[in-house]
Amino acid sequence: MTIATLDFVPTELARGRGGGGPAPTRIVVAYGFWIFLLSDFVLFSGLFAAYAVLSGNTAGGPTGSELFNLRSVFIETMCLLFSSYTCGLGALSAERRQPGRFLVFNALTFALGAAFLIIESTEFAGMVSKGAGPSRSAFLSGFFTLVGTHGVHVTGGLIFLVYMMAQAIAKGLRPHVLRRLLCFSLFWHALDIVWVGVFMLVYLMGAR
Amino acid sequence: MADVRPFDDRTPGVEEYEPTANYWSYTAGLGLAVLLTIASFVVSQTNLLWAPGIPVGLIVLAFAQIGVHLVFFLHLGSGPESTNNILALAFGVLIVFLVITGSIWIIANLNWNMMDMPR
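Protein chains in written order, with the working numbering: chain W, -8 to 199; chain C, 35 to 153.
Take every hint as true, because none was put in to throw you off.
Pairwise CB distance ranges (calculated):
#: 1; chain 1: W; residue 1: Ser120; chain 2: C; residue 2: Leu82; range: 32 to 38 Å
#: 2; chain 1: C; residue 1: Leu69; chain 2: W; residue 2: Val19; range: 33 to 39 Å
#: 3; chain 1: C; residue 1: Leu132; chain 2: W; residue 2: Val119; range: 32 to 38 Å
Since the hints were derived computationally from the structure, they do not count as laboratory data.
By construction, the Cβ of each residue, glycine as well, lies at the ideal position given by its N, Cα and C atoms.
Build out the structure end to end from the sequences listed, making use of the hints.
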């Protein structure tokens, strides 16, 4: 075969769309997980809507601009961004079958995610001790539900991450482990997208 | 000869090494996301933008950053393997938009109708 024959490949006959045979499992698995992530976004949209509707109803209690500390929100945002970066590099190392680098990058991802959770829970504890707990006003109920649900997702992501590292150590970077890792990466990056909405709508608009 | 395969004749579901990204695309994504984050903090804390326009500016920056995440981290591209994901995403965006703007609209209307009447 020559290069000229290769040029003739009808690229519009894409796999998974009836042209070149079924899509690879990796694509199918990622698509299914993507549908789950979109349903998670719909869940968050309900919480965002509730917060947007309730954010003005402080019932005489503290407002966002009195409670929010933008410096720690900035650090939290950077923790999540850099953890997304190390998560991506970890996924690359796994694809390239570099177990050592994979474990280092994922340990970094875990550390950054845990740092985010520690800062967030310190912030929550401080608010509750100031009498600004979720039962103080509709605004605070909405705030704790929205930001807390994101925090619970990050916690779940960390458990998922430890589980994937254990699988990579016990089973090696086999194809099915790589596919689960792909799902974990998608989950972790999707949490970052939700956080963009949280810090824009809740913190930056609320602290003004 | 055997390794030149213009058409795909592999066993279904059996995959080879298919690179989805490289170090540079992740680094570019991180750089853009950090820049947009810093920009949004600056916009919200200074008078760089005309004050009533700040929420609009923040929304634009949020959409830009979500776009950066989708392209550089979630690898949503123009390739054929992304078509189904983008269609599903479009539907998800529609639902999210309906839920959020619909709630804000309806409740604002309710608030208006339930304002205290002058006695």
